[in-house]
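Chains Y and B supply the protein sequences, listed in that same order.
Residues 1 to 485 (UniProt numbering) are what the first sequence spells out, left to right.
Residues 1 to 444 (UniProt numbering) are what the second sequence spells out, left to right.
Each hint should be verified, as a subset may be incorrect.
BS3-like mimics (lysine-lysine), calculated; alpha carbons at most 30 Å apart, straight line [claimed, not checked]:
#	chain 1	residue 1	chain 2	residue 2
1	B	K225	Y	K387
2	B	K67	B	K48
3	Y	K392	B	K67
4	Y	K443	B	K302
5	B	K429	B	K51
Keep in mind the hints are simulated off the structure, nothing from the lab.
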Amino acid sequence: MEGRMPETPALGLDGLVGGLREVYRSGRTRELAWRRSQLKGLISLLTEKEEDIFDALREDLGKHRTEAFRDEVGVLVKSVKNTLQNLEKWAAPEKAPTPLVSFPATALVVPEPLGVVLIFSCWNLPLGLALEPLSGALAAGNAVVLKPSELAPSTAAFLAANIPRYLDSEAVKVVLGAPEVGEKLMEHRWDKVLFTGGARVGRIIMTKAAKHLTPVALELGSKCPCIVDWLDSKRDSQIAVNRIIGAKWSTCAGQACIAIDYILVEEQFAPILIELLKSTIKRFFSKPEDMARILNEKHFNRLSGLLKDHNVSCSVVHGGGMDPKTLSIEPTILLNPSLDSDIMREEIFGPLLPIITVKKIEDSIEFLNSKPKPLAIYAFTRNEALKQRIIKETSSGSVTFNDAIVQYGLESIPFGGVGQSGFGQYHGKYSFEMFSHKKAVLKRSLLIEFMFRYPPWDDRKLGLLRHVFRYDYVSLFLTLLGLRR
Amino acid sequence: MATEMEAEICDALYADVGKPETEAHVHEISLVKSSCLFALKNLKKWMKPKKVHARLMTFPSTARITKEPLGVVLVISAWNYPLLLSLDPVIGAIAAGNAVVLKPSEVAPATSSLLAELLPRYVDSTCIKVVEGGVSETTALLELKWDKIFYTGNSKVGRMVMASATKHLTPVVLELGGKCPVVVDSNINLHVTAKRIAAGKWGCNNGQACIAPDFIITTESFAPKLLEALKKVLEKFYGKDPLLSEDLSRVVTPNHFNRLLDLMDDEMVSDKIVFGGQRDEQKLKIAPTIFLDVPLDSAMMKEEIFGPLLPIITVEKIHESFGLINSMTKPLAAYLFTRDSKLQKQFESTISAGGMILNDTSVHLTNPHLPFGGVGESGTGSYHGRFTFDAFSHGKAVLHRGFGGEAKARYPPYSSAKLKILKGVLAGKLGAHIQAILGFPRGK
């Protein structure tokens with residue numbers, strides 16, 4: 001494990017940003033060959049330094065190497081390889097149709113890099129949330145500053161030490177430090193800023209960005225609901241429970257923006273679900289090291305505070321055990337905690353799972369619509385009509401049926417929020433586009449000229465122009481020939 | 001509405017900016033109509049969920065992207081194309097299924113009240129509202145929670161709009177301005193070039209358009225020829241006394257009139273006038289005016305002109321124009337006139353702008369297949385055609401999985417055998433997938 005890199009002094013930031021602008025202006029980052037080399041560098045970093053990465057993630061979050069691979073390293077390598085494969089296609093200009101009247105003309109939409117961009121990543125997927133957007137920004141041809149979260153210091157230090165080794169250290173910088181450093185960075189103008197984190201800091205970022213008209217993308221949090229419908233077959237129920245557990249406790253102990261926050265289930269099915277959850281949790285988490293720990297004391301206290309609420313503590317039906325020394329909280333299930341309690345109003349971001357019962361499963365739609373739009377909605381059901389209703393009557397970043405979290409690893413679909421869960425989408429081609437500007441380029445010839453484009457105006461010219469705008473070429477032609485008024 | 005109320009609309013546009021009837025038709029009414037027709041024609045296609053690849057990793061599964069409306073959106077429009085810049089975004093917002101509030105510019109009061117009066121008659125007034133007013137009304141509107149804010153105007157107010165949007169974390173589209181440069185090479189058809197520049201500058205609201213050519217860059221040696229050609233064309237278009245021509249818009253308000261006079265009469269540039277300069281304070285009219293070689297640090301070269309003044313900057317070699325343009329903030333549009341394809345390629349790859357045209361000006365905004373919007377100081381987001389629909393939509397990813405293909409390797413308790421399978425799955429190895437689906441590793 002490498003030693004900690006010194007924090008970049010705030011005074012040095014001016015020089016840092018200025019230097020990056022110089023590098024960008026030199027045109028180096030725009031070359032496809034450069035972009036390919038950076039993406040290959042990322043793959044090398046991820047494969048050669050895998051053990052160091054596992055160590056860092058275990059130190060920061062107590063993540064098991066399998067989880068670290070599944071959720072961070074493996075998904076990243078797959079994504080960067082996909083980007084590498086498609087880079088030329090994505091960077092190529094796209095032809096757009098042109099109306100006949102502007103013949104001869106060609107219209108193109110040309111993707112170009114935005115310039116110098118800034119990425120803030122979050123502590124819970126400290127590698128993934130830094131390197132996935134980084135790969136998109138590099139693929140799009142930008143120079144980049146990465147500001148990893150100081151709350152995951154081992155991963156931050158790992159990035160600061162290794163990014164300069166595997167990538168072009170003049171065009172890709174890692175800036176470490178406390179939130180004040182992030183604020184100082186935002187005093188500068190950027191060509192784009194991506195922020196992943198909470199709404200409070202998201203607002204600070206956007207406010208500072210407004211001063212420079214810096215475009216931003218915000219990936220924020222939310223309460224991701226999971227609707228569990230009646231599942232007749234035992235096999236289906238078991239699979240659903242496996243996947244629910246996978247999306248709650250097996251993913252950074254529930255500390256993930258797309259983790260299942262709470263469950264909605266019919267009153268009568270709830271006991272069956274709870275029993276199945278209990279028995280499967282027992283089987284899955286026989287070893288304590290298979291579940292990540294809580295990030296730090298502050299979050300531990302926050303989560304234990306959620307449980308201490310007397311309207312909530314009586315609803316615990318499983319778990320509840322906590323150890324402040326090891327910062328671990330066992331998988332905890334609650335049945336119908338008070339809807340006014342903090343646990344049902346704030347994003348939980350931890351291993352506590354409230355189960356809310358409804359009379360009919362369709363009622364869950366109204367329930368979840370009473371809350372801000374989440375990053376993801378999950379539903380386990382075989383009922384096609386219910387699925388359609390969920391798609392049409394709710395709004396969320398994404399909807400996944402009969403599984404959870406896996407949408408994160410699918411490059412063909414966009415990942416991002418809506419409403420309070422944020423704006424801007426990435427992953428796959430969307431990462432490339434997030435850091436690109438699509439420039440419209442129209443090429444005309446000096447050959448053919450239509451006199452009626454120009455003043456002095458008269459009714460005849462106006463008439464001709466009306467035909468043009470209706471794409472009424474026949475009338476246009478006839479009028480030009482004097483055969484029609 | 002656009003068809004039946006043509007006369008009223010033309011009158012309002014004339015009252016607001018003295019817009020000639022032809023410009024009113026060509027630049028506003030016709031474009032609004034064709035935008036509606038384009039949306040109607042393509043609506044079903046745009047609304048259809050798009051199926052995308054669902055990879056081996058999530059097999060079996062299907063994935064789609066479904067477009068859904070954002071909700072309730074706010075459109076703040078500008079005064080120079082008060083009909084078009086109000087209705088074009090509104091058309092897209094409606095097509096995408098949103099409820100809309102339109103706040104037309106108070107600097108174009110006739111059009112603003114016309115819209116407030118007419119719109120409720122033609123569209124569903126419970127979902128589409130017009131709110132008139134000035135700074136205080138706009139500020140009050142910006143305090144509220146919107147699902148998107150679409151603003152057209154200047155960058156100073158653009159910053160305030162974005163800052164207000166922060167409160168509710170509202171995403172914004174900002175269509176701002178900039179100094180749109182025109183680079184003119186010597187290898188061209190001079191007469192056609194001069195016409196197209198003139199049409200884009202003075203034929204667009206007398207230079208009061210965000211994509212009007214702001215200034216020209218050409219070589220020292222070519223400048224005299226270009227100037228002569230422009231003078232000839234201007235006389236043809238507007239006659240010997242342009243202030244009398246019906247075909248030129250007036251300047252919108254006394255404020256802007258004085259602003260332009262200050263730019264013109266600035267002692268750094270006043271001796272550089274080579275054509276025009278006539279003004280009529282009563283009628284708020286300024287004639288097409290050309291300057292040659294104004295200093296780069298003059299006010300005229302630092303701010304967006306937004307009026308009928310055209311500085312020509314000369315360089316020794318045409319390539320020097322690129323460095324000059326790149327030393328300024330990114331404009332909404334950049335134009336180049338040349339037959340030299342190498343120069344064209346260089347321009348395309350070196351200059352960043354919202355959009356660019358080779359051998360013409362302004363017309364790209366009429367192509368609904370091209371995204372129209374700025375970058376950097378000239379704005380964020382784009383619209384026109386399908387892009388407006390997308391600007392007011394959320395592309396929701398919908399992934400359908402079945403209960404088949406259960407991979408035990410995903411779950412704890414973890415083991416090196418499970419890790420091995422996961423590595424294979426994520427590397428796309430078919431063998432590992434099969435193992436995963438068959439429930440390997442056996443046992444725990």
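The hints, checked one at a time:
Under the criterion of a C-alpha separation no larger than 30 Å, the hint pairing K225 (chain B) with K387 (chain Y) is inconsistent with the structure, at around 69 Å. Under the criterion of a C-alpha separation no larger than 30 Å, the hint pairing K67 (chain B) with K48 (chain B) is consistent with the structure, at around 8 Å. At roughly 10 Å between alpha-carbon atoms, K392 (chain Y) and K67 (chain B) fall within 30 Å of each other, so this suggested pair holds. Our distance criterion of 30 Å between C-alpha atoms is met by K443 (chain Y) and K302 (chain B), whose separation comes to about 28 Å.
With a CA separation close to 24 Å, the supplied pair K429 (chain B) and K51 (chain B) stays within the 30 Å bound.
Going down the numbered hints, you'll see the structure goes against just number 1.
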